[in-house]
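Protein chains: 2
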Amino acid sequence: MLERIVGFQSRLRSNGFAAAVLMHPRDVYYFAGTGQPCNLLIPAKGEPILLARRALDWVKTDSDIATIIKGSGGKDLRLALQSAGVFKNGVKLGLSLDIVPTVLCRKLEQSLPECTIEDVSPLLLEQRMRKDEKEIAAIRSAAELFQRAHEVMMQELRPGVTELEVASKVYAALRRGEHEGIPRFRRWDATLHPDGLVISGSNTWRISGHAMTVTGVGLSPSVPWGPSTKPLASGETVVIDVGINYHGYHADIARTYIVGKATAEQKRVFDVIKQVYSAIFAQVKPGVTGQALFKTAWEILVSHGLEGYFQGYGEMKGNYVGHGIGLEMDEPPVLDANCTTVLAENMTIALEPKVIIPEWGAIALEDTAVVTATGCEIFCPVTRELFEVT
Amino acid sequence: MLERIVGFQSRLRSNGFAAAVLMHPRDVYYFAGTGQPCNLLIPAKGEPILLARRALDWVKTDSDIATIIKGSGGKDLRLALQSAGVFKNGVKLGLSLDIVPTVLCRKLEQSLPECTIEDVSPLLLEQRMRKDEKEIAAIRSAAELFQRAHEVMMQELRPGVTELEVASKVYAALRRGEHEGIPRFRRWDATLHPDGLVISGSNTWRISGHAMTVTGVGLSPSVPWGPSTKPLASGETVVIDVGINYHGYHADIARTYIVGKATAEQKRVFDVIKQVYSAIFAQVKPGVTGQALFKTAWEILVSHGLEGYFQGYGEMKGNYVGHGIGLEMDEPPVLDANCTTVLAENMTIALEPKVIIPEWGAIALEDTAVVTATGCEIFCPVTRELFEVT
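Protein sequence lines correspond, in order, to chains A and C. Each residue of the first sequence is one higher than the one before, counting from 1 in the numbering used here. Each residue of the second sequence is one higher than the one before, counting from 1 in the numbering used here.
Please note that the accuracy of each hint is not assured.
[Unchecked claim] The calculated lysine to aspartate or glutamate pairs, modelled on EDC-like cross-linking and capped at a C-alpha distance of 16 Å, are:
| no. | chain 1 | residue 1 | chain 2 | residue 2 |
| --- | --- | --- | --- | --- |
| 1 | C | 107 | A | 178 |
| 2 | C | 317 | C | 307 |
| 3 | A | 70 | C | 118 |
| 4 | C | 107 | A | 118 |
| 5 | A | 107 | C | 119 |
| 6 | A | 317 | C | 57 |
| 7 | A | 230 | C | 315 |
| 8 | A | 107 | C | 98 |
| 9 | C | 230 | A | 178 |
| 10 | C | 70 | A | 315 |
| 11 | A | 107 | C | 118 |
| 12 | C | 317 | A | 385 |
| 13 | C | 107 | A | 57 |
[Unchecked claim] Reference listing, derived: stretches of chain C covered by chain A, where coverage requires no fewer than 3 residues with Cβ under 8 Å from a Cβ of chain A:
| no. | segment |
| --- | --- |
| 14 | 207 to 215 |
| 15 | 223 to 235 |
I should point out that these hints are in silico values taken from the structure, not numbers from a laboratory. We put the CB at the ideal spot given by N, CA and C, even for glycine.
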């Protein structure tokens, strides 16, 4: 993890930060290897200091940061900044202000009036786009777990069973495989069920707020997405789209099933999505942009007259084909029609072509992969086909 | 929900706010009845305006707010503030700044330079302490679901089964009963597993960071609490502590089990906790403070020489007996040694006396209740005893 810190320090220096103070659990975990509540001070030059808000012994066991002390509030931070030699009038401190609540930041501004506090998240997230070997291994393990979800889908889908019953078994199977049980987002106001979206028939074209594609309707207006008590019916399409968290790292995977035998039309639409899937994954390699991937997908859909249903329809329509993924489900880059970020080796991404056709159903395929020197490696062992569950 | 808005407007006026702009999903849900992404403008006087960031039709179905428009950013908000007649130089706007990230607040400060933006959460959370009939009914339903978790515990606990296997079945059982699957916290950096803490033997005295009592060790340093792959052993204490979310409202409940027959010592310690439990719930009624409840608990523990293990031990020790609960697991008041908040009718609270004895085990009892005119009603039907699973 020392390499991660050294890399980040170089970004801090290039951007005029005297130091970063990281408080968000995932940011701390990335550099310090502990999920315990800590503040991590990374000076632009010199040694980091890890301030354990609690569970000091535990933090010392988890982390290989050399200097670990007990501390939490503004005073402790001031002392740490002084001891790191970065505390002087007018210095710029970096915090993850896309996450840190305003009250907390304002409190720090009061206790450190000599500093200005600016958002350091863009630098951090840019660095986190490329994963190291250990991170890639964890994401691979997360993706391999999907096999368990698939087995449940193949066993449990039948007319009369509810989305919720299937989802509860998907969770149990994933959890026994060491799914952490909490899919994590960067966004402050987003949540996802830990059993994933098991969504069927008429619920596939009810598109709820936060996500743009298949969301389902959930159980109540308080969490208006996710599996519901709707029973499956014969001939329906059923999508599962699930975020699996293994040792803190995520895979995001989707497959589509038919309750019974697929119709010719279901097969035809699936084949289009499969064609998109194959084309965009084949295109992935260092140097390619999200924009280029989106264009490839779009042109195939246009050629089949399905572009109006790609990633939703009408006002509820996205213009993306995927996103970065790692400690959080939705990391940069967003691979959309405007994405000029260039893919590089060791980036991990999820690509997710989907069509949602009102009064008809949805077809979804999603996989998580790592960009290699010459292409990409897709992690999930479950084949990409339209599964008929008979 | 109109009553909730009228009550809040009176608080806004008493505290010099021209309006509140609520963006946090739970805050919006409380007043507007929708979990879709919205911003809710509540002027100190006059009609609220609900700005739907997405899924406008869905929002219109969910909410009985009269004025619902599409809108998201600073410009839409400015128009809404103008149309609500509260937009002039120097007005104070209230946001939930304990939640809203700094970047978002700063962006709003830039697009609304005429306003100052202050934290309105304390007013909102104070109002939310007392629940109405519909809220109490949802919390009661959440608590009743615990019966399902208890049945799993009674069926599944045996030597060799892992904490994780039991927890995965607890989840499946709760989920089929319409547990929303996502326990929600007010705190920006807290998370809890949706299957709850199923914690056994030596893991009961490993106290991890965020919580102060029985936490378990989890699966990896990335989420270092929760159920683990540790197998249960004969004679161990096993605690389950779970937050159940039904229609957006939570119950927080814990029980203790023995794998096999309880020893005399386990029974003795349980009886002390049961005595604390009975004494503090018997004491609950309007007018009582958290301080008084803590004192009652503390004195009983002292009389049995167990105060050193109450709510943890050594540095990992809490000085509370419970907390408010509702749309979030950890609402005010915190019922601790310093709590002078006076309980009032229709407050919903969780009381949770626990002892954690290193190299021995833990005993926990927790229930969620509503304060009535003369006492309280405990919701969960599962009896409070030391369950022997043989």
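Hint by hint, here is what the structure shows:
The hinted pair formed by residue 107/C and residue 178/A fails the criterion: a straight-line CA distance of about 40 Å is larger than 16 Å. Pair hint residue 317/C plus residue 307/C holds up; C-alpha atoms about 10 Å apart against a cutoff of 16 Å. For the hint pairing residue 70/A with residue 118/C, the CA-to-CA distance comes to about 31 Å; that exceeds 16 Å, so the pair is violated. The straight-line distance between the Cα atoms of residue 107/C and residue 118/A is roughly 13 Å, inside the 16 Å bound, and the hint therefore holds.
Proposed proximity of residue 107/A and residue 119/C is supported: the alpha carbons are some 12 Å apart, at most 16 Å. For the proposed pair residue 317/A and residue 57/C, the alpha carbon gap of about 15 Å is at most 16 Å, so the pair holds. Among the hinted pairs, residue 230/A with residue 315/C is inconsistent with the structure: their alpha-carbon atoms are about 49 Å apart, more than 16 Å. Only pairs whose Cα atoms come within 16 Å are accepted, and residue 107/A paired with residue 98/C is accepted, the gap being roughly 11 Å.
With a C-alpha separation of about 12 Å, the suggested pairing of residue 230/C with residue 178/A holds against the 16 Å cut-off. Taking the CA atoms of residue 70/C and residue 315/A, the gap is about 12 Å. The hint holds against a cut of 16 Å. With a C-alpha separation of about 13 Å, the suggested pair residue 107/A and residue 118/C falls inside the 16 Å cut-off, and the hint holds. For a cut-off of 16 Å, the pair hint linking residue 317/C to residue 385/A is broken: about 53 Å separates their Cα positions.
A hinted pair counts as satisfied when its Cα atoms are at most 16 Å apart, and residue 107/C with residue 57/A does not qualify at roughly 40 Å. For a cut-off of 8 Å, the count of residues in the segment 207 to 215 of chain C with a CB near a CB of chain A stands at 4, and the three-residue condition holds. Requiring three or more residues with a Cβ within less than 8 Å of a Cβ of chain A, the coverage given for the segment 223 to 235 of chain C holds, as 4 such residues are present.
Of the numbered hints listed earlier, those contradicted by the structure are 1, 3, 7, 12 and 13.
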